[in-house]
Amino acid sequence: MTDKKTIKKSSLDDLFKKMMADGKRVLAPVRKGETVLFQEVDGYSAVAADYVQTTLSAKEALLPRCEEMMRFTTAQSTVSLEEGPAKPSPVVVFGVRPCDARSIAVVNAVYLKDYNDALYKEKSDSTTIIAVSCAKSDEYCFCTSVGGSPGSTEGSDILLTLIDGDTYLAEILTDKGKAVVSIAPALFAAAGSEVKEKHLADVPVQFDLGALEKKLPGAFDGAVWITQSLRCIGCGTCSYVCPACTCFDIQDETDGTRGMRFRCWDSCGFGQFTLHTSGHNPREVQSQRWRQRIMHKFSYQPDQLQVVGCVGCGRCSRACPVDMNILQHIKDIVEAR
Amino acid sequence: MQDKIIQKAKELLSGGAVQVVIGYGQGTGDRVRAIFIQKPEDAGRLIMDGRCVQNLAGYLMKHEVRALGRAAIVARMPVLRSIAQLMYEEQFKDSDVAVIGISDANELVDLPDLNALKEYVRANPLKLTPEEQAEVDRLDAMTREERWAFWMEETSKCIKCYACRASCPMCYCARCTVEVNQPQWISVPSHDLGNLEWHIMRAMHLAGRCVNCGECTRACPVGIPLRLLNQRIIADIADNFGEEEDYALAAFKPDDKEDFIR
Ligand code: SF4
Ligand code: SF4
Ligand code: SF4
Ligand code: SF4
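Here the protein sequences line up with chains B and A, keeping their order.
When you line the first sequence up against my numbering, it's residues 1 to 337, in that order.
When you line the second sequence up against my numbering, it's residues 1 to 262, in that order.
In short, the hints are calculated from the structure, not lab data.
Careful: at least some of the hints might be erroneous.
[Stated by the list, open to error] In silico EDC-like links for lysine to aspartate or glutamate, alpha-carbon gap of 20 Å or less:
1) A:K157 x B:E67
2) A:K118 x A:E89
3) A:K157 x B:E68
4) A:K157 x B:E40
5) B:K24 x B:D42
6) A:K157 x A:E197
7) B:K32 x A:E146
8) A:K157 x B:E60
9) B:K9 x B:D166
10) B:K32 x A:E153
11) A:K62 x B:E284
12) A:K157 x B:E34
13) B:K8 x B:D50
14) A:K62 x B:D323
15) B:K32 x A:D192
16) A:K10 x A:D96
17) A:K157 x B:D266
Since the model is a prediction, treat every value here as computed from it, not as a measurement.
Use the sequences and the hints to build the structure in full.
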């Protein structure tokens, strides 16, 4: 049974300060020009208000755009490893949307299931997610079509839902969540009979996920991929803004005899993603790369990892420079005869 | 205007002069998006209004679009400029594409072939608007340290998604310098140095070629004002080479008076 409490909006700044005093870095959505990005903050006043979704997801806390994996020194015929990067300090990510919190399960499935990725694991162990339910959505949101909801608790340690102008209902969901409460117990009060449901955005279900998963295996050779992706320009934007995209590229950088190895985000939208050393490219053209994006998320990942690789946050469609709208494209595939 | 474009598209398609018309159509909400019209009866879907600013010229080089056959393209001034530049760089031949040109005054321009297009572009040289020039000047007026801080702050947001490159019709290299790794010219990870190198390299490779369409800036998901880099170079070229000069910094002449280049 979830422990339910309440916390005043006006107490959040105190909560932030207490968490910081406890040695945690607090990341929260901050407005930067027309974008809203997760950044380290020093108080609640920096937190952006009144937006549907952050421009980039909170994935970066667990899977940075580029992260140091190791340092090395080379001598004539030997390579020796230096002390690796310092252990990450504990992080609290505040203001994660429920869809993004659900996306952690997808990233976990890739980084922790068949192989236990140490770099990822240590970040995941030391990260606490305080999510905030959605009171607003837009035409790009489709969490409810892929198993989520604007008040879903999956993946969160604490879920806050604003139930009146100044009071959040706080669902304390995990031990990490309890640990946050124990830092500042006085800021939390016992909850009464408040329910969150009527304070959530209304996000209608737009397609039948089961029908899509059934249809995709037979659609591999269809013309739909070409028609849909004629305007796709093959950038990495959709993958990079996606909370559930997990592909990476390894880059070594050397300076004389010393070097560093980095893990960087990568995208199946790039032509180079599948380019072989021989020059052969199994995905020669953009339509094949677009097909891969849809197939991977909605067919291969459900098959192999038992998770759907999309949580319906809508970011890829909002950010796509050429208005490739994933929801519309999926609906077209489901509805095609 | 829109009706005239639709009419022209219909004629081109039904006469068999082209197999596809690349233009703008309805997108999500109030967005417009690139559409590819293949039948005369679909031409009515074409839209032309203030939202139609995407530079469509890059599609002329895309494999799946080329596979549709000869194309006509709805082309405002930046698209016309891109085509002229791409022809200069021998990316396609005169007969490859038909143009439905639209002037800055929003009139249909009759451009029967790409030579006419080249003449039209030559007669309308690229100039920064007073607003654009003012922004360039604002940056110029900063101290070196302020400008450095400005660009470090802006480029620190870069995630190296390469949407700026993918959206730019001038960025068509089969192998971008950032992807050449023997030797590695540009640092790939999106740390401070990697981001800075990427943006300097891109600005330099576009010097004298950028048509100021603004596509890179619109495409950037994190809102980096990339245009300011290119516009500064455009202003420099105008100052140093004059606006009349063809393709400054991108041309090679065997009789160049500088001998370091020979
Ligand atoms: S779908 Fe959009 S964001 Fe994704 S690769 Fe294509 S153009 Fe880029
Ligand atoms: S595929 Fe698009 S909608 Fe789905 S999780 Fe990724 S960014 Fe969000
Ligand atoms: S589009 Fe923006 S974020 Fe992407 S690589 Fe270019 S500058 Fe960086
Ligand atoms: S650099 Fe930007 S403004 Fe210049 S041509 Fe390319 S996309 Fe257009």
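Status of the hints after comparison with the structure:
{"no.": "1", "hint": "A:K157 x B:E67", "verdict": "holds, 15 Å"}
{"no.": "2", "hint": "A:K118 x A:E89", "verdict": "holds, 13 Å"}
{"no.": "3", "hint": "A:K157 x B:E68", "verdict": "holds, 18 Å"}
{"no.": "4", "hint": "A:K157 x B:E40", "verdict": "holds, 14 Å"}
{"no.": "5", "hint": "B:K24 x B:D42", "verdict": "holds, 11 Å"}
{"no.": "6", "hint": "A:K157 x A:E197", "verdict": "holds, 14 Å"}
{"no.": "7", "hint": "B:K32 x A:E146", "verdict": "holds, 18 Å"}
{"no.": "8", "hint": "A:K157 x B:E60", "verdict": "holds, 12 Å"}
{"no.": "9", "hint": "B:K9 x B:D166", "verdict": "holds, 5 Å"}
{"no.": "10", "hint": "B:K32 x A:E153", "verdict": "holds, 11 Å"}
{"no.": "11", "hint": "A:K62 x B:E284", "verdict": "holds, 12 Å"}
{"no.": "12", "hint": "A:K157 x B:E34", "verdict": "holds, 13 Å"}
{"no.": "13", "hint": "B:K8 x B:D50", "verdict": "holds, 18 Å"}
{"no.": "14", "hint": "A:K62 x B:D323", "verdict": "holds, 17 Å"}
{"no.": "15", "hint": "B:K32 x A:D192", "verdict": "holds, 18 Å"}
{"no.": "16", "hint": "A:K10 x A:D96", "verdict": "holds, 19 Å"}
{"no.": "17", "hint": "A:K157 x B:D266", "verdict": "holds, 17 Å"}
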